[in-house]
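Asker: First to last, the protein sequences are chains A and B. Residues 1 to 94, numbered by this note's numbering, are exactly what the first sequence covers, in order. Residues 1001 to 1979, numbered by this note's numbering, are exactly what the second sequence covers, in order.
These are computed hints drawn from the structure, not numbers from a lab. Just so it is clear, the structure is predicted and the values come from calculations on it, not from any experiment.
With a Cα cut of at most 27 Å, we get these calculated DSS-like pairs of lysine-lysine: (1) B:Lys1420 <-> A:Lys49; (2) B:Lys1160 <-> B:Lys1591; (3) B:Lys1878 <-> B:Lys1662; (4) A:Lys82 <-> B:Lys1687; (5) B:Lys1662 <-> B:Lys1866; (6) B:Lys1591 <-> B:Lys1271; (7) B:Lys1361 <-> B:Lys1395; (8) B:Lys1271 <-> B:Lys1160; (9) A:Lys82 <-> B:Lys1662.
Distance windows between CB atoms, simulated: (10) A:Ala60 <-> B:Ile1968: 42 to 48 Å; (11) B:Ala1759 <-> A:Glu15: 51 to 57 Å; (12) A:Gly50 <-> B:Ser1452: 42 to 48 Å; (13) A:Thr46 <-> B:Glu1729: 15 to 21 Å; (14) B:Arg1559 <-> A:Glu17: 43 to 49 Å; (15) A:Thr46 <-> B:Glu1678: 45 to 51 Å; (16) A:Thr39 <-> B:Gly1862: 21 to 27 Å; (17) A:Glu23 <-> B:Glu1949: 45 to 51 Å; (18) A:Cys9 <-> B:Ser1899: 54 to 60 Å.
Covered by chain B, according to a simulated footprint, are these stretches of chain A (three or more residues, beta-carbon under 8 Å): (19) 1-13; (20) 52-59; (21) 62-74.
Cβ coordinates follow ideal geometry from the N, Cα and C atoms, glycine included.
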Amino acid sequence: MILIRCPYCGELRTEDELTYGGEANIARPAETVSDEAWTDYLFMRTNPKGIHQEQWCCSAGCGQWFKVVRDTVSHRILDVWKFEEVSQAAEEVA
Amino acid sequence: MTTHGYRLPSGGRIDRTRTIAFEFNGRRLSGHPGDTLASALMANGVDIIGRSFKYRRPRGLYGAGVEDPNSMVAVRDAYGYEPALRAGQVRLGDGMQAWSVRGWPSAVFDVGGGVQLVSGLLNAGFYYKTFKWPSWSWFEPWIRRATGFGCPQAVDENRKVHHRHATYDVLIVGGGPAGLATARSLIGSGLRVFLAEDQPQLGGSLNWEAALIDGQSGSAWAASMARTLAEDSHTTILTSTTVTGAYENDHFVLVQSFWDDRGVHTECLWKLRAHHVVLATGMIERPLLFPDNDRPGIMLSGTVRRMINEFGVAPARRMAIYTNNDSGYLTALAAYRAGMAIAAVVDTRSAEAAMHATLSKEMGIPCLFDAQIQATAGYRRLATITVRQVSAVTKIACDGLAVSGGFSPCVHLAGHRGSKPVYDPTCGAFVPGDVPERWHVVGGVKATLDLSATFADAGAVAHTIRAGRGGLGSAHSPRVDVLSLGTGAIPTQPSVGSSSRMWVDFQNDVKASDIELAAREGYVAIEHLKRYTTLGMGTDQGRTSNVVGLSLLAALTNRTLSEVGTTTFRPPYTAIRLGTIANARRGDLFKPRRLFPTHGVHENRSAVFEDFGWERPDWYRSNANEREAAVALEMAAVRNHVGVFDASSLGKIEVTGPDAAKFLSRFYVSNLMTLKPERVRYSVMLKEDGVIFDDGVVSCLSDNHFLASPTSGNAEAVAAWFERWRQTEWPTMQVAISPVTANWTSIALAGPLARALLARLQPDFDISNDAFPHMQIREGTVGGVSARVARISFTGELQFEVSVQARYASSLLSTVLTAEGDLEPRPVGLEAWLRLRLEKGYLHVGSDTNGRTTPLDIGMGGIVAKRQDDFIGKRSLKLAFATSSEREQLVGLRALDGSLEVGGRILSRGHTQVPCPTEGYVTSACFSPSVGESIGLALIQRGHTRDGEVVKVFCGGTPISCRISNPIFYDPTNQRLQA
Chain A
1 MILIRCPYCG
11 ELRTEDELTY
21 GGEANIARPA
31 ETVSDEAWTD
41 YLFMRTNPKG
51 IHQEQWCCSA
61 GCGQWFKVVR
71 DTVSHRILDV
81 WKFEEVSQAA
91 EEVA
Chain B
1001 MTTHGYRLPS
1011 GGRIDRTRTI
1021 AFEFNGRRLS
1031 GHPGDTLASA
1041 LMANGVDIIG
1051 RSFKYRRPRG
1061 LYGAGVEDPN
1071 SMVAVRDAYG
1081 YEPALRAGQV
1091 RLGDGMQAWS
1101 VRGWPSAVFD
1111 VGGGVQLVSG
1121 LLNAGFYYKT
1131 FKWPSWSWFE
1141 PWIRRATGFG
1151 CPQAVDENRK
1161 VHHRHATYDV
1171 LIVGGGPAGL
1181 ATARSLIGSG
1191 LRVFLAEDQP
1201 QLGGSLNWEA
1211 ALIDGQSGSA
1221 WAASMARTLA
1231 EDSHTTILTS
1241 TTVTGAYEND
1251 HFVLVQSFWD
1261 DRGVHTECLW
1271 KLRAHHVVLA
1281 TGMIERPLLF
1291 PDNDRPGIML
1301 SGTVRRMINE
1311 FGVAPARRMA
1321 IYTNNDSGYL
1331 TALAAYRAGM
1341 AIAAVVDTRS
1351 AEAAMHATLS
1361 KEMGIPCLFD
1371 AQIQATAGYR
1381 RLATITVRQV
1391 SAVTKIACDG
1401 LAVSGGFSPC
1411 VHLAGHRGSK
1421 PVYDPTCGAF
1431 VPGDVPERWH
1441 VVGGVKATLD
1451 LSATFADAGA
1461 VAHTIRAGRG
1471 GLGSAHSPRV
1481 DVLSLGTGAI
1491 PTQPSVGSSS
1501 RMWVDFQNDV
1511 KASDIELAAR
1521 EGYVAIEHLK
1531 RYTTLGMGTD
1541 QGRTSNVVGL
1551 SLLAALTNRT
1561 LSEVGTTTFR
1571 PPYTAIRLGT
1581 IANARRGDLF
1591 KPRRLFPTHG
1601 VHENRSAVFE
1611 DFGWERPDWY
1621 RSNANEREAA
1631 VALEMAAVRN
1641 HVGVFDASSL
1651 GKIEVTGPDA
1661 AKFLSRFYVS
1671 NLMTLKPERV
1681 RYSVMLKEDG
1691 VIFDDGVVSC
1701 LSDNHFLASP
1711 TSGNAEAVAA
1721 WFERWRQTEW
1731 PTMQVAISPV
1741 TANWTSIALA
1751 GPLARALLAR
1761 LQPDFDISND
1771 AFPHMQIREG
1781 TVGGVSARVA
1791 RISFTGELQF
1801 EVSVQARYAS
1811 SLLSTVLTAE
1821 GDLEPRPVGL
1831 EAWLRLRLEK
1841 GYLHVGSDTN
1851 GRTTPLDIGM
1861 GGIVAKRQDD
1871 FIGKRSLKLA
1881 FATSSEREQL
1891 VGLRALDGSL
1901 EVGGRILSRG
1911 HTQVPCPTEG
1921 YVTSACFSPS
1931 VGESIGLALI
1941 QRGHTRDGEV
1951 VKVFCGGTPI
1961 SCRISNPIFY
1971 DPTNQRLQA
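I would like the entire structure built from these sequences, with the hints used as guidance.
Answerer: This is how it looks when you write it as structure tokens:
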């Protein structure tokens, strides 16, 4: 079971206290974009085996959304940060 | 030698002062507290405990615990029934009843045993090849009846169950010498330590092996350790507790049994997390292959020592030992000390290799070296073994044979975490490979056979763990004086005897010849071999058989054991009762019941409740005794005078702040920026793919204060949806979201007399049609309490929805329902309510829409086209899928003959008979009293262009004719709701 420390309330939460929100940093395009760009936004994800930036919500706790860098193989959490913050780990991976 | 049956006159850790009565297959037997069912059966001289799976061979006890492939029993104790346990797992209880799970009419005399005569038909993969002609289905019923282990029984479970969650610094799995020494060396470190032992007492093998530790017997040392650890406030010890699974992030599941003299009365499922994990699970002995190695009386060598020393039972009157390692001699010694006759020690090795051979000679035990068993005899119990040496064949009479083929470490939990066991050729065992971080492996599980080495290891592990804590505490190094188990044993292959008489997996009747056959047919990958032959797929999970099978396959395919590898280890280590996992979540406690604050008022009206997430009145017995009659009366009340409907479950989300209107507009298809205070607007909400997610009204209470009313089913989901976008996409918007669904109760008054009924509640604002028109909202005082009143309609009639704080709900509803005079308000249930809305053609999201429906399909294209700014899902409506001319679109249907049914398929044009292609389906349907016809809504391809067309709809098993129409069947000009 995945364990993540919520950056807002500071509690170490288990997977069943959290809600997964899919890949992070998917920019919502303006409605003027092409069909291809829009459907990419809707459906295309990197789905890596390994390091993944994603969104999680402390849904059974403080209700806040935040970002996480997770290794999808080992479930090791490399970093957790708030939306308005910048992650060192995420930048190194990128 | 024995005084009663096979019970030894002294010894063991049983309480001989007390006797426990139990039954086995209807026979009344007795044992002592401290016995397992296995030891008690052995003490009573029960040789045959069950029959084997395929060939129905008589089988006796083979191992003393969960590793036993043979002794499957169904057990009923004072607290419940279990269909398939191993006898060694069951603590004897007073009045316990146990049965063999196989064998008819009995395990001792089983007519199914005749199947051995046709055993050639039942080799590996037989169901793919033997029973092909004329058809597998001829044989399948017979074969299915003949298989299986035990039957479930519907009995009252008196066993209590509870769950616990815990987090510890260190989890030690196993309370044998390795676990105890590690725990002892962690005392004083300040770390919280949790030690789990699956047996009822600590000590593991020390309870039956002859060892001197710090000058005490092994069991006395274990007992003193147990006392020391119990006094330490940082150490928690759980006995009778099995760690059944290891999961990622070091999350463990444990099952703790609480038992008394009458059985297991409580089970506790622990979900435990640990920062450090010490694997001290020890090892399990494995057998040797030889012909007819499965006869009752043949068992693992360590099991013999355990039976003698822990339970005071002699497994046989005249014992032989067959071994390829030094531990067999310890068994000979234990049997000798217990006063049993020893027939011989048969050692596959040479005399020089055997380190304890002189000891046996001193005791006068004959030892045969370079020897193999080439045959055994005895049907219901072993009678003789035939031993072949290079120059001689010897027949030896014995009624028991202790077998040791070496040891297999219990690497399972590391395997659960994905750690592949690696083969260590020096000790002939698969040991844990790369274990997860902060896992430590101690003792037998890494094939350490030497007790002093185990203790040194435990000290080192404790030191490593303590180092992270500043090295507090001190190592504990016991002095050991014990006969060594030797150096382990490489799995050896037999060179005499027929492989079709050698059993590898006793439980599933997999023979050496089956593995040879599988190898010949190319099933040489270990996972294939397992599934083709069923090796290791029984309830014992091949604990004794796997390595024997692997080594045989390795020899057959000229590979090393490392190359062959093991199958995958998956949780659980032992079976967990489903009831233990379910805990209290069953019956009324399966899910919390959500009741309206007005529930009592509805009960007084004899409401018939249905669970829609909330328990809601479906119809009222106070209106009529029968559902259809009641629903008709409830509908008539709304159409002709006034009905009262409890709409409390309707979602209510307050959205406040300067950006509230802008924020909400991004979710709804309609522009809410233009919504003025006291106005209400209906709209739908999409997901980003353009598909309708929810619908409902949005009310503007003031410029900065809106109230969104999602559907009952989506109340939580919509609030979470708003919140997610606010946080992740539009964090700078000044808006706050407060879900208040349960804070407010909404009572809808619907019908021509609704205004008169509302007037009785003396609202402090003007409710006349001119002052308070349709699609508006007022805040004020109603019935003396502050209220919000929305003039909206789901029925097509004049309708007011009165919302008050939940604590006033019951009094409001009672007041409304008991209004005096000629109003005669009638309570209306959900069924009538939904039919009323269907007459009006109002959408029910989830019924009349599906996972593809867009606002264009429900006739909201005009509203979409008018929107200048963006909203969620808007861009998707321009994609080809949304604009296709083949879309299923929502229309009304009127039946011309027959009755419409929900789910009825619309036959494609030109077809009148099924089967045929279809082009849509009926989403809602009922007989409409107001229209006098069977009506429905349907999603039909190109529906919006087909008004008036007659289509065939498959309803009630036959195609009926229907006319496509405007979905608004009742009052299409909205005269009534404007009144």
